[in-house]
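Modelling step: build the complete structure from the supplied sequences, incorporating the hints.
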Amino acid sequence: MADLAYISNVTKVYGSQVALNNVNLTIPGGKVIGLLGPNGSGKTTLIKLLCGLLTPNAGNISICGYPVGPMSKSVVSYLPDRTYVPEWMRVREMLDYFCDFYADFRRPLAEMMLQNLRIDPNAPMKTLSKGTKEKVQLILVMSRYARLYLLDEPIAGVDPVARDYILDTIIKAHSPESSVIISTHLITDIEQVLDEVIMIKYGNVALCGDVPGLKAAWNMNVVDIFKEVFKGCF
Amino acid sequence: MFLKLLKHEYKYIIKSFTLVYALFFGVTIILKIFIHMAIGGSSGSAFNTLAGIFAVTWYIFMLIIGLMTITNNARRFKKSMFGPEGYLTNTLPVSTSSNIIAKIVAGATNYVVSYIAVCLSINILIIGIKGSNKVIKGIKEGIGEAFTDHFDVVFAFFFCSTFVYLAFLLFCYMLTSLSSMIGGSKAKSVLLGIGLWIANIFVFTMLVEMFDGTSAAGAMFGIGFFYMIIAGIEFAIVHNIVKNHLNLQ
Chain A
371 MADLAYISNV TKVYGSQVAL NNVNLTIPGG KVIGLLGPNG SGKTTLIKLL CGLLTPNAGN
431 ISICGYPVGP MSKSVVSYLP DRTYVPEWMR VREMLDYFCD FYADFRRPLA EMMLQNLRID
491 PNAPMKTLSK GTKEKVQLIL VMSRYARLYL LDEPIAGVDP VARDYILDTI IKAHSPESSV
551 IISTHLITDI EQVLDEVIMI KYGNVALCGD VPGLKAAWNM NVVDIFKEVF KGCF
Chain B
469 MFLKLLKHEY KYIIKSFTLV YALFFGVTII LKIFIHMAIG GSSGSAFNTL AGIFAVTWYI
529 FMLIIGLMTI TNNARRFKKS MFGPEGYLTN TLPVSTSSNI IAKIVAGATN YVVSYIAVCL
589 SINILIIGIK GSNKVIKGIK EGIGEAFTDH FDVVFAFFFC STFVYLAFLL FCYMLTSLSS
649 MIGGSKAKSV LLGIGLWIAN IFVFTMLVEM FDGTSAAGAM FGIGFFYMII AGIEFAIVHN
709 IVKNHLNLQ
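Protein chains in written order, with the working numbering: chain A, 371 to 604; chain B, 469 to 717.
Please note that the accuracy of each hint is not assured.
As the list claims (entries may be wrong) - Sample of chain A residues at the chain B side, in silico, Cβ under 8 Å:
| hint | residue |
| --- | --- |
| 1 | 386 |
| 2 | 452 |
| 3 | 456 |
| 4 | 471 |
As the list claims (entries may be wrong) - Listed next, the stretches of chain A that the computed footprint assigns to chain B, with coverage defined by at least 3 CB atoms under 8 Å from CB atoms of chain B:
| hint | segment |
| --- | --- |
| 5 | 435-447 |
| 6 | 534-544 |
None of these hints come from the bench; they were simulated from the model.
From a predicted model like this one, the values you see are computed outputs, not experimental measurements.
Using N, Cα and C, we set each Cβ at its ideal position, and we do this for glycine too.
Quick look at the structure:
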């Protein structure tokens with residue numbers, strides 16, 4: 371499977387604080403990748419750089435051959451770690467919005483998922499609970515036939531049943547040639563779906579590799595590898 | 469893509485303003501009925517009180533529409549670019565310029581529609597009143613004459629007012645963007661806004677003095693060109709902040 375994204379010598383600085391320090395990564399196609407690290411390690415910054423919300427101070431990022439911009443945004447599906455749906459819209463209007471801007475949006479799939487989760491498409495966004503809004507966002511993001519899915523804490527703060535549904539949706543909805551990057555602290559819950567992991571420590575890549583290979587090399591599961599790598603960081 | 473951005477901006481404006489416009493025209497019609505009844509000879513303290521209440525309500529609605537038109541667009545810009553909605557807006561496959569220009573166009577349209585709504589309401593109120601036909605005829609003739617005899621002044625007026633409005637709209641956007649960049653501090657943004665506004669008044673006064681003695685059209689063209697440059701600078705600042713210094717809340 372061809373590589374999807376290249377991150378070359380990327381540095382991001384906030385004032386005097388270095389969030390990412392000369393990071394080099396290659397994101398392969400067709401993989402579910404866990405982006406792991408403690409709070410403030412630079413996970414969200416990396417995701418924001420990939421989806422174009424931030425500009426690096428140094429280095430280059432290319433996604434499917436495009437530099438970060440309107441073209442790369444058309445192949446990236448991003449789920450932030452907070453609710454972003456406009457309160458003045460209805461659920462159905464959000465589907466219209468995604469249909470208008472993303473050629474790869476699969477409306478029948480989104481409608482089916484809404485039905486499965488018993489979410490009324492005519493409901494105004496402002497009347498939905500925080501959890502339901504998060505589900506709507508996940509449906510919108512995963513209903514795209516994107517090349518790269520960037521999911522920032524998709525299972526944080528949801529109940530275990532919804533968590534299973536979300537992980538199942540992520541696995542089933544993404545296309546075989548696309549990759550999914552999931553940033554999370556809840557490693558135990560997602561370990562079984564991960565093909566690769568990227569561990570970030572103080573803005574640097576501490577460990578990167580495929581899960582079976584790492585498990586064999588370290589002779590332990592991903593959670594224990596994580597604990598080993600980040601020993602003393604908390 | 470630009471047209472799709474515009475479509476969703478208009479949807480927002482329609483949702484925000486439909487009820488206000490409907491209520492405004494409702495009050496206009498009720499007030500018109502009272503005016504007709506008063507012309508027909510109706511009177512009495514209850515009638516006068518009700519008529520007074522509706523007249524004040526009509527005036528308040530007019531102020532609300534004016535205020536909403538100015539603030540709504542700036543609030544929309546802040547929320548959709550720098551608030552949580554910014555995670556959606558700024559990851560759309562469109563350029564930063566398209567995003568900003570769509571909001572400017574929608575804001576300008578909103579302004580024109582509100583202006584027309586207020587003019588229409590005033591028209592509804594005065595039509596049929598004794599002597600109003602003469603006034604309307606006079607205004608029409610005046611406008612006609614201005615277009616035929618003083619077209620340069622009319623053109624200069626539109627040129628000047630367009631860029632003064634654009635500069636004002638972009639000033640609001642710039643203030644919002646700068647406020648977001650410095651961490652969303654309201655006190656700092658208010659101070660910054662007041663400072664920039666005082667500077668603007670100072671420069672405007674200088675411009676008026678500078679064009680003193682020139683023709684009306686010449687002065688308006690001069691001021692228009694100045695605000696065109698100001699609007700351009702403001703756009704560049706907003707664009708740079710959104711593209712390179714986005715600080716989403």
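### Message
Quick check on the hint: residue 456 of chain A CB to chain B CB, less than 8 Å?
### Response
5 Å, holds
### Task
May I ask you to test the interface hint for residue 471 of chain A with respect to chain B, counting a Cβ-Cβ separation under 8 Å as satisfied?
Holds, because the Cβ-Cβ distance from residue 471 of chain A to chain B comes to roughly 5 Å (cut-off 8 Å).
### Query
Does residue 386 of chain A pass the interface hint, meaning its C-beta sits closer than 8 Å to a C-beta of chain B?
The hint is violated - residue 386 of chain A has no Cβ within 8 Å of chain B, the shortest such distance being about 15 Å.
### Query
Can residue 452 of chain A be said to touch chain B, with a Cβ gap under 8 Å?
6 Å, holds
#### Entry: 8 Å C-beta criterion, at least three residues: is the segment 534-544 of chain A covered by chain B
With 0 residues closer than 8 Å to chain B, the segment 534-544 of chain A misses the three-residue bar; violated.
### Query
According to a criterion of three or more residues whose C-beta lies within less than 8 Å of a C-beta of chain B, is the segment 435-447 of chain A covered?
holds (count 6)
When each numbered hint is compared with the structure, violations occur for hints 1 and 6.
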